[in-house]
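S.K.: What follows is the residue order along each chain.
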Amino acid sequence: MTVLSRRAATTQRERMSRAIWLVLLGLLLLVLPRLVYPVLALDILAWGLFAVAFDLLFGFSGLLSFGHAAFWGSSAYATAFLLSHGQSVPVAIVGGLLSALLLAVPIGFLSVRSVGIYFSMITLAFAQMVSFLALQWTAVTGGENGLQGFARPSVLGLDFSNSTTRYYVCLALFAAGFLVAYRMVRSPFGQALQAIRDNEQRAQSIGYNPFRFKFTAFLISAGLAGLSGSMYAFGHGVVSLEVVNWRTSGEVVMMTLLGGTTTLFGPVIGAGLVLLLRDLLTTANLPVGIVTGLVFVLAVLFFRAGLVGTVQHWLRRKSADDDRH
Amino acid sequence: MNTQFLLIQVFNGLVNGAFYALLSLGLAVIFGMLRIVNFMHGALYMLGAFVAFALGQILGLGFWPSLVLAPLLVALLGMALERTLLSRLYGLEPSYNLLLTFGLTLLTQDLVKQVMLSQYAVSSAPYTTPTVLTGVVNLGFVVFPKYRLFVIALALVVCLVTWFVIEKTRVGAIVRASTENPVVTRSLGIDVGKWVTGVFGVGVGLAGLAGVLAAPIYSVEPYMGAELIITTFAVVVIGGMGSILGSIVTGFAVGVLAAVGAAVYPPMANTLVFVLMAVVLLVRPTGLFGLPEGAR
Amino acid sequence: MKRSNINTLIATAALSGLILSPLGAASAQSLKLSNDLIKIGVLTDLSGVYSELSGQGSVKAAQMAAEDFMAKNKSFAGKVQVIGVDHQNKADVASNKAAEMIDRQNVDMLVDMPTSSAALAASEVAKTKKIPTFVVTGATTALTNEKCSKYTFHYAYDNYMLANGTGSAVTKRGGTSWYIIYPNYAFGQDLNRQMTAAIQDNKGKLVTPSDATPFPNTDFSTYLLKAQSLKPKIFGTMQAGNDLVNVVKQYNEFGLRQQGIGLGIGLLFETDVAALGQDAFAGAIATVPWYWNLDQRSRDWAARFEKAFGKKPTWAQAGVYSASTTYLQSVARAKSDNGDAVVKALEGHRFSDFFARSAYIRPQDHRMILDVYTVQIKPKAQAKENGDYFTKIATIPAAKAFMPLAESKCKF
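Residue numbers (numbering that gives the first Met the number 0), protein chains in the order written: chain P, 0 to 324; chain G, 0 to 295; chain E, 0 to 411.
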């Protein structure tokens, strides 16, 4: 085979493998509420989309946000607030998303100029301020007691008191969000973003405005984080201060790294693994910190590309071996 | 709220500042030399306090021997971790280090907790002030605990010595060279790896020292470093990543800011540092004392 | 109080059953248990900051309650089970696990629940699923006020009882001028409000408005220096857990006791005293619903618990035993583990056990009231044995210890 035709074959194969991954993930998510408790399944969807949103910024733009809880949390609070004030579910979810976007405009505008660790820290700083506001503004957030027991009036005959129904509604939202991310990454916009990530000066010299691209990516990421936050509030019927805590920002970083960054599927798998582990530990009577810590340490030593990334490497190497034979 | 009370708070803030300075100095040394963000720093601080407690329980050692021994033990542990684990990740994306040190943090916290629970009814350790330094002293403008004065003094000395060694001595020059240009340094016949391990040891040793110093005045419990590490990150960033002087000055300054903040509007006290960080980064993107990217 | 007719019907049936057959004589035929089993779900913190004062000890306490109950009531032999689940102090995990325990594991009752947001979240789930819920370690008065639920009972203590007890007792003993600090969240704000009211009701005063400190917080020196210059008779701290340990450690360091400034504590667990050593707390005053060497009955139970668990019980763990027992006895009275029937059997119930004296479950807001005790912490030199921390200085009768019904905002 010539080099060119081999490359064509590889992209062909990659496209195939991507399609297989997509179908596998789709099937898995369709049957998930039969495999695990529906509310846990819902959690996996919400956190999965949150991790995808984070990875848009981290994996594809090279910006490690350490303050994404601000968008997830503000959206969760907005959704819960709207629901407890008699708004319908669609209004509340859109309201949550919009609140996250609104917050992302100033934060993104001010922070995407920074790079590396400075970007991480400035996003953390803003998230800490949001967290402080959430604690203070008890009329909206319920403070330490949090918000719970808000109504989820049925829409189009869908009974939202049933967790399985909620799951499939969220699955639709998840699919929409995932599609946005998927399309964005493959679009010329996404390609330019990755070019900027790899070499900002060169990208600039061929006419890209890095700020505009990064800012747009920030907004999309925050919007999707907002969507996942409202899914979380709607799904659980509970919102507490935990949603704006820096640990939440840290958790989504860990989920993404564990699953595999820039793979799009990886963050979802990572979120699933972390949540399943957490769920297992609620009854396993094992020391939570030791087990979770060990998982992270082993993952970074042996599955550095994340689970999905490792599997992909392995498949790619295998197919390269096959080519040679 | 009178002026004298605010002035007292400025002075009082130096105590907290001393802890921030020691911790952020350690982080800055490690980052400057190794380009690692050591998430484990808070856990090593905690470990310093618990090692001091254990030395007292097992060997009957008091505060003073522990003040020397505990940081050394923490430094040794840090160096072992650097050799066996962290060194595998050099040259890779820095976020892997974050994941690794985060995992080690969870592990350490829980290990300490389990060990404590197996030995005592609770996971917190009582630790008392050394007898010579108990009690308060009247400074004229304020009645202040003797031990806190000692903390300020010791931290200042340690910070200045560290700064002097790194910036002004031959040892410091080698250390700086081996991280800024490892290839050239190696060609001069210097074992870079050994220096890196040593520097990491010094950095975490400082965290261990801060931990021992904290034991008599703060609650000694497995999560004592968990919130502190986030504030310390902010201090390092405000000062400028890797800047030795920056971390010392900012450490003390943030301590003072928090104490004055606590006097003026208490609920906001711990959030002020993040407000300051946002403002500083917007005006000076690489921190107060940081060099612009690429200038190194 | 509004109830559906069906509920009233079931309740009346249960009540008539109670009148017709005396307790303990419940025959196997008339006893109706779902899955022929009563399952107690201990929803608690098994891994985090509250795990030492509740945690595995709470699970053990519930197990003891189940065993004791089965031994005394032969018709229930082999029919009571206990499971423990870790809610990790997260509201979402609490609501998720509460729902899962009820749906998948057929849990009939939930108990313990430290962390207010987690307790409220679980209570909300239990309400929709009609499962009796006994909050023991959660403190918030919202549980018997705006967030009250027909199926939730608040056991042992709450913010009001703590603040009211300590505020009144200390002020009456001459601690008439106060400076208070409280953690800046719902729990602390509530506690501060109640404490202030109790002080003023007893003709005491605050020397300056209370300060809301960040939460969590390590260094309290600013407030201690402020206390030093204001010279109140009492420095009141509403902090809990590690924050409290920090406050007390630094209160000693700044020598406030020597300067004649006493210490009033909002919420004190035995584990806090153990964490710091009792000398650091010596002289401080707090309010507790129980302690292990309160009297001989308490000692007897505590000795059994220590033998089974290896540590002395905290009042939270003793409360879980008492709550579980109270629940099981109400099932026996109702002859059913149906949520509505049990709730009916619990409402207005008066009882007394080793933990709860003059106890009564108010039907209007489901606050369980009991005699509580204002205690002073002894210096180590006066302790007769390990863990002998408290000297009782006052018993507050149940009727006066808790928020009066007239003030409750509860509507089922």
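In short, the hints are calculated from the structure, not lab data. Any given hint could turn out to be false.
Said to hold, decoys possible - List of simulated lysine-lysine pairs, DSSO-like, C-alpha gap at most 27 angstroms:
#, chain 1, residue 1, chain 2, residue 2
1, E, K129, E, K379
2, E, K149, E, K128
3, G, K145, E, K232
4, E, K71, E, K31
5, G, K145, E, K31
6, E, K171, E, K391
7, E, K126, E, K31
8, E, K171, E, K129
9, E, K149, G, K145
S.K.: Sort out which numbered hints this structure fails and list those numbers smallest first.
M.R.: Of the numbered hints, 1, 5, 8 and 9 do not hold.
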